Amino acid sequence: MKQAQAKHKLCRRIGYCIWNMPNCPTVKGKKRTYAAGLQGKNAKRKKLSTYGEMMQEKQKLKAHYALTENELRLAFLAAKKKEGRTNERLMQRIETRLDAMVYRAGFAPTIFAAKQFVNHRHIRVNGKIVDRGSYLVAPGSVITIDAERSPAIASIAKGISSTVPPYLETDKEQLKITFVREPLIEEIPVQVEAMRVVEYYAR
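The numbering of the sequence shown is my numbering, which starts it at 1 and goes up by one.
There may be inaccurate statements among the hints.
Here are the computed lysine-lysine pairs in the PhoX-like style, where the Cα-Cα straight-line distance is at most 25 angstroms [what the hints assert, rightly or not]:
| id | residue 1 | residue 2 |
| --- | --- | --- |
| 1 | 9 | 47 |
| 2 | 158 | 176 |
| 3 | 81 | 9 |
| 4 | 80 | 62 |
| 5 | 62 | 46 |
| 6 | 46 | 9 |
| 7 | 172 | 128 |
| 8 | 176 | 128 |
| 9 | 158 | 128 |
| 10 | 172 | 158 |
| 11 | 81 | 62 |
| 12 | 62 | 47 |
| 13 | 82 | 62 |
These are calculated hints, taken from the structure and not from any lab test. Nothing here was measured: the structure is a model prediction, and the numbers come from that model.
Construct the entire structure; sequences and hints are all you get.
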């Protein structure tokens, strides 16, 4: 996967891990907490311009959900057409992707693994196999893993400990995720200023 290559480069630039991974160079005690590049170790962090801030927030959002530029742009255009605040609609749209739901519920260790689980047809929505990570899950839907068909994936999902946001309900024994309601923007555990992303695409 293209996004998986040198995926911690952005983390080193901003000073913390986007995905809270313990193996990230930015984690305390690691050797490469400074920015990437030949001058990274000695370089001072520069104050970003307004454009630079917008660009960085967009990059963080893309990285957190492992989105392509086209996927994020299309999500923005769709959010812009809906009523309400565009930044909130954008975050809701991205957060309710099937791959994001599987990751957020703690059924996959990383967003990259969640995408693989979906693409390899291990995930069902309301009883039907869905193999598109971009599939938008509707409130009230139930996401499951078939333990008999996918025992290895089921074992991974059961072994993950995570904090589940209030808009999801999980049952690890039954390998079931229930999407209770649309998330509020402040409930989505992503360190991104979504309004900056909106400003980037609206400019």
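How the hints compare with the structure:
no., hint, verdict
1, 9 x 47, "18 angstroms, holds"
2, 158 x 176, "11 angstroms, holds"
3, 81 x 9, "34 angstroms, violated"
4, 80 x 62, "18 angstroms, holds"
5, 62 x 46, "22 angstroms, holds"
6, 46 x 9, "16 angstroms, holds"
7, 172 x 128, "19 angstroms, holds"
8, 176 x 128, "13 angstroms, holds"
9, 158 x 128, "21 angstroms, holds"
10, 172 x 158, "6 angstroms, holds"
11, 81 x 62, "21 angstroms, holds"
12, 62 x 47, "22 angstroms, holds"
13, 82 x 62, "21 angstroms, holds"
Consistency with the previously given hints fails for number 3 only.
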